[in-house]
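Chains as they are written, first to last, in the UniProt record's numbering: chain A, 1 to 703; chain B, 1 to 703.
Calculated from the structure, these hints are not laboratory results.
Mixed in with the good hints, there may be bad ones.
Stated by the list, open to error - Partial chain B-side listing against chain A, Cβ under 10 Å, derived:
#, residue
1, 220
2, 221
3, 279
4, 281
5, 282
6, 283
7, 286
8, 415
9, 526
10, 530
Note that beta-carbon positions come from the ideal geometry of N, C-alpha and C, so glycine has one too.
2 protein chains.
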Amino acid sequence: GTEADNDLYINQAVVFIEDAIQYRSINHRVDSKSLWLYRWYYSRTCQWILSLTITIILALAFTEKPSSLTVTSDVRYRLPAWNPPCGLTESIELLCFLVFMVDVSVKSYLVGWEEFWKNKWLMAYILTLIVSLTDWIVSLSFFCAEDVRIRRILRPFFLLQNSSMMKKTLKSINSTLPEMASVVLLLAVHLSLFTMFAMLLFARTKDGQQDKEWVAYFRNLPDSLTSLLVLLTTANNPDVMIPAYSKNRAYSIFFILFTVLGNLFLMNLLTAIIYNQFRGYLLKSVQSSLFRRRLGIRAAFEVLSSLKETPANAQQSYVSVGALLQVLQKVEMDSRCKQAIMRSLKTWSCDQLSAAQFQKLFEELDKDAIKQHPPSPEYQSRFMQKMQFAFGHPYFGYLGNIVALANIVSICVVLVMDADKQPSERDDFFLGAINCFFIPYYLLEMLLKILAMGLKRYLSYPSNRFDGLLTVILLVLEIATFAVYGFPHPGWRPEFMGLLSLWDMVRLVNMLIVFRFLRIIPNMKFMALVVTTLLDLVKNLRAFAGILVVVFYAFAITGIMLFKGAVIILIFIFLFQTSFYIKKVVVLSFKEKCDFMAAFGHFQAEVIYCLLCLLSVNLICRWAKIYFVAWWLISSVIWVNLFVALLLENFIHKWDRRCHREPLSDIEYQRTVELMFRDVLEEPTEEELMEKLHQHPHLQLCR
Amino acid sequence: GTEADNDLYINQAVVFIEDAIQYRSINHRVDSKSLWLYRWYYSRTCQWILSLTITIILALAFTEKPSSLTVTSDVRYRLPAWNPPCGLTESIELLCFLVFMVDVSVKSYLVGWEEFWKNKWLMAYILTLIVSLTDWIVSLSFFCAEDVRIRRILRPFFLLQNSSMMKKTLKSINSTLPEMASVVLLLAVHLSLFTMFAMLLFARTKDGQQDKEWVAYFRNLPDSLTSLLVLLTTANNPDVMIPAYSKNRAYSIFFILFTVLGNLFLMNLLTAIIYNQFRGYLLKSVQSSLFRRRLGIRAAFEVLSSLKETPANAQQSYVSVGALLQVLQKVEMDSRCKQAIMRSLKTWSCDQLSAAQFQKLFEELDKDAIKQHPPSPEYQSRFMQKMQFAFGHPYFGYLGNIVALANIVSICVVLVMDADKQPSERDDFFLGAINCFFIPYYLLEMLLKILAMGLKRYLSYPSNRFDGLLTVILLVLEIATFAVYGFPHPGWRPEFMGLLSLWDMVRLVNMLIVFRFLRIIPNMKFMALVVTTLLDLVKNLRAFAGILVVVFYAFAITGIMLFKGAVIILIFIFLFQTSFYIKKVVVLSFKEKCDFMAAFGHFQAEVIYCLLCLLSVNLICRWAKIYFVAWWLISSVIWVNLFVALLLENFIHKWDRRCHREPLSDIEYQRTVELMFRDVLEEPTEEELMEKLHQHPHLQLCR
């Protein structure tokens with residue numbers, strides 16, 4: 001019946017518009033039941049459950065057997081970690097797998113049979129699930145006593161497949177791989193030629209005194225190769241050349257040449273290549289998002305235009321305003337946008353909308369969300385008006401900054417004075433007394449600002465919210481201190497009471513004061529620019545960070561499997577995120593002499609490695625080398641360069657724009673990546689949109 | 001008289017054209033005598049003498065008193081360096097100063113009085129000379145026993161002022177300074193806030209076991225600051241956090257946050273800023289060179305056009321072909337270009353040249369020097385033709401590469417086998433026998449290629465020259481080996497004879513073979529691209545390298561003056577060019593505990609620092625800190641980032657062009673920076689040129 005048809009069309013339009021808002025693909029089934037399923041699947045609850053499941057399955061590694069989530073990392077003091085009984089984590093895992101199975105079946109059903117065969121990600125998803133389940137059954141049949149658990153390495157895949165941004169980024173990284181591989185090959189050639197040169201140069205001599213370099217670093221091929229590889233990470237930089245250098249200064253030429261060629265040229269070449277490949281990456285990704293949005297809107301228009309019997313002789317298709325209003329009421333979207341569209345619809349003179357008008361209506365979605373701060377209260381009395389003028393003036397804010405600076409300086413002075421005092425000599429009076437002055441000032445400043453601006457306007461500025469929250473916390477801490485330890489006086493050195501000692505309380509308060517000093521950031525132009533760039537970067541980096549987590553997780557689990565003895569390794573590797581850290585660990589992993597007792601007092605990482613070496617045969621040490629070199633390549637070389645490339649891209653774009661746009665006083669733009677590029681984006685043409693629509697596997701358009 | 005006038009005009013034109021060729025400014029005196037002086041000053045001999053003087057005065061530091069140019073760097077074995085008598089280096093210095101005085105007077109005279117007062121470089125030059133001479137007199141009057149020699153620090157200025165490229169680059173760096181300073185300020189804020197946080201976090205506790213972190217790294221404000229500053233250089237990366245980390249893993253958050261913010265964000269922000277500033281740098285500098293060239297040519301045209309009595313009613317000025325020929329004969333320029341211009345002048349139909357035609361004629365200067373390889377010889381006999389085809393074919397070259405690879409692999413195998421053998425057990429037969437096969441093959445390959453291509457064509461390829469030269473050297477070495485030690489046979493272990501032992505000979509031959517393997521580079525497309533980029537970069541980096549030398553020299557001399565005891569420091573600091581090296585030295589300079597005897601056997605740099613600390617008071621150690629931090633900032637942070645920026649610029653430009661231009665088989669372009677940018681350069685307009693010409697301080701144009 002036409003009624004049912006109309007309902008279907010309305011529902012289709014609703015889903016298409018929601019797709020457009022979320023930048024989703026519209027290539028899914030469009031019959032009534034599928035639409036209901038689709039909206040259910042993309043509802044907040046469902047997506048939230050899915051995310052939770054992924055988090056849970058990833059977090060399982062922290063409680064599973066070879067883990068070490070303890071407070072201290074020192075093996076001497078560490079308590080044994082909690083060891084869950086067999087079947088506990090496994091049953092949680094099974095629950096997660098069930099959720100994933102539902103997820104994959106709904107997804108596969110929604111894209112349709114034909115699309116399913118083209119979609120490699122879905123196939124990989126199913127494959128991963130099958131392998132994981134098989135491994136799970138094997139695991140249970142061995143009563144959790146088996147060593148190799150493949151399904152753990154596969155876990156990060158669930159995170160990967162759930163994010164379209166990450167999939168896109170991965171594709172982009174993938175296309176850079178051939179050129180990266182060329183540079184890595186070049187590095188390998190560089191390394192091997194220099195290794196041969198070094199072996200010929202620092203050969204064993206008849207005089208035992210003369211061949212220190214040979215003994216220490218170039219004893220055989222693997223030694224030479226690792227010596228130079230570590231030199232490439234700059235970790236053993238001067239040490240490796242000192243024996244030869246002290247024999248003859250000219251030997252340093254070899255090492256300088258190697259470092260300049262390898263580190264300065266080839267490593268930076270990698271940066272250049274990755275930057276060159278990623279220059280257009282952000283723009284391209286935003287462009288394709290825009291296309292998806294326009295396509296969704298256009299699809300909604302097309303289904304709505306076939307809703308009512310339009311005159312057959314009409315050249316153009318039209319949509320009635322009423323139908324659109326009906327659709328809009330059903331669409332889940334930002335209420336501000338919805339209201340704006342409704343408003344412009346209601347002032348519409350004509351009853352019908354052409355495709356262009358329809359599209360234009362939804363451009364509201366692309367617009368900057370202009371955030372208008374609420375107005376200040378209007379006071380009647382002259383005195384209040386003067387107060388308002390005085391405390392609403394920027395100079396009052398600057399005064400607050402100066403006071404905060406004075407506070408920091410005074411803390412600094414006290415710290416320097418107290419630096420070498422014994423804890424028993426220490427007098428907490430100074431810091432306490434200082435806080436007695438500053439914290440009330442902060443409170444006063446906050447109250448006066450609220451008086452001048454009104455509470456709503458005050459809270460609408462993020463810097464004020466930051467400021468106010470910290471002030472309230474400081475006040476609470478201060479009152480708690482006074483309540484427990486009394487007012488400060490000279491020789492104020494009370495005994496330990498309550499949850500924290502006075503000294504800890506004072507330290508906490510001071511740390512918060514140091515933190516509060518960050519409120520000066522928006523007042524300094526360059527700093528503000530840098531901070532906004534960094535925040536933008538963090539937004540754009542989410543996909544990269546996700547991929548890093550995936551790689552990192554796989555590495556950590558592989559590490560656990562490789563070095564069975566090393567129970568601390570998972571958490572330890574977490575530290576590698578700094579990526580510079582790895583250098584040292586690589587060096588450590590190459591020091592094959594393990595002096596257990598000496599190492600113990602000296603350096604924790606060494607301890608771990610020595611444990612590794614003691615517990616396992618030499619073969620493991622070699623595996624450790626390969627493992628760490630691979631991790632160094634991925635985290636330190638490739639990921640850091642990707643990061644630099646993105647930072648360059650973001651920063652240069654921002655810097656260029658800074659000159660074009662003058663800052664508006666009272667309006668803040670909530671900028672998204674999409675908006676940042678709006679000037680350079682190309683609108684998709686009518687033909688492109690219609691061609692894409694006609695390729696839709698499930699939607700049959702009338703014309 | 002007109003005759004004298006005509007001569008003057010001709011000479012002016014000659015000098016202007018020479019200015020254009022060398023991209024020099026034309027703002028100098030243009031009367032007859034000055035022109036003679038100008039040409040004399042810019043003659044090759046004069047410029048060569050000036051360069052030699054600069055080299056000599058810079059090299060003096062190696063022989064002056066606190067220097068240590070010895071073979072070994074080990075203070076135990078080192079012979080005392082030669083100490084020149086007082087007055088020797090000083091008299092050489094005086095000679096150099098005399099040359100500089102002549103240089104500065106000629107330069108000042110040539111630019112003219114008015115220009116002189118505007119030229120800050122010249123004034124600084126004179127000031128430097130005055131200070132240096134005063135210091136020299138003081139030095140002699142103390143019989144070379146004085147400590148502080150300011151003139152040594154000023155020496156690199158002579159290098160700086162003599163290169164227009166370096167002055168330009170310095171100006172460019174100077175304009176980037178404000179933004180770099182912002183980031184450095186940001187870094188300082190970051191550092192100081194985190195230092196305060198750390199001092200509050202890792203405070204002294206009552207339990208002596210718990211405050212290891214405080215004892216080791218955060219004892220007082222300077223300690224905390226340096227601990228975190230060194231963490232910024234990643235030199236003490238895991239060590240600094242291990243005591244806290246082993247107490248509670250959560251402490252690592254502090255260090256990770258610090259490293260991520262400081263190292264990943266702020267440091268890379270510096271790269272982004274410098275890259276952003278330098279993006280247009282090369283283009284701008286090439287553009288201004290082009291303007292100078294066009295201006296010189298135009299000035300030559302203008303003076304030549306006023307040479308003959310042209311009809312007064314002529315709208316345009318013309319230059320006669322005869323006058324230009326006369327000028328060209330006097331001009332010193334590349335003979336290829338001169339002949340090309342002469343040729344096109346002789347085929348000129350008209351007797352007169354307009355300004356545009358004149359300019360067009362000299363565009364020959366901008367053209368790529370197309371290098372046509374000489375043709376192969378044409379043989380009559382069919383056999384020879386077949387030979388020529390076979391050995392001139394690229395496959396024959398590939399065969400040569402494969403043989404070279406086989407040689408490398410065989411050397412590698414022998415090295416691995418011999419790795420752990422005692423020198424007395426070692427048998428040189430294998431390597432000798434291998435060389436007996438490969439070196440004759442290389443000789444044969446060279447001869448066959450010469451046969452196929454003819455000697456001239458063979459030598460016209462750089463790769464063949466490289467190949468041939470190495471083959472000849474290898475052959476000579478091999479013959480010498482056989483002559484001295486006889487033919488190889490099993491158990492070939494002769495006694496030491498002649499200049500080198502057999503083992504050294506064999507090693508030298510094998511090193512050359514490894515080096516010869518680089519001939520494969522032009523055969524691999526990506527490698528060739530990388531290598532040409534690197535070569536381009538080296539060309540463009542000359543100015544930067546010069547500035548680095550200037551800064552480095554000043555630092556080294558300051559170092560000598562600051563640490564009087566440390567005699568090795570000058571050469572030692574040379575090693576800092578690797579710029580990663582400094583990290584370690586900074587760390588060392590912060591380790592204030594000096595265990596003299598332990599350090600002695602361990603590590604040379606430490607020895608130096610301990611010497612420093614022992615010989616001087618603690619104050620010097622603090623100076624050393626500041627000194628090393630300043631050097632780290634300049635060499636490692638700023639210079640490396642400048643390098644990365646230039647590399648990015650060069651590489652991206654090259655990469656973009658690679659797609660546009662297909663490689664031509666037999667034509668090689670000798671590319672200069674100017675040519676690389678030719679597509680994007682803007683030609684200066686007629687008006688700009690004429691305006692600039694009318695501003696010339698010495699040239700009075702008729703119209």
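Cross-check of the supplied hints:
| no. | hint | in the structure |
| --- | --- | --- |
| 1 | 220 | 4 Å, holds |
| 2 | 221 | 5 Å, holds |
| 3 | 279 | 8 Å, holds |
| 4 | 281 | 14 Å, violated |
| 5 | 282 | 14 Å, violated |
| 6 | 283 | 16 Å, violated |
| 7 | 286 | 20 Å, violated |
| 8 | 415 | 5 Å, holds |
| 9 | 526 | 4 Å, holds |
| 10 | 530 | 6 Å, holds |
Violated hints, listed in ascending order, are 4, 5, 6, 7; each of the other numbered hints is respected by the structure.
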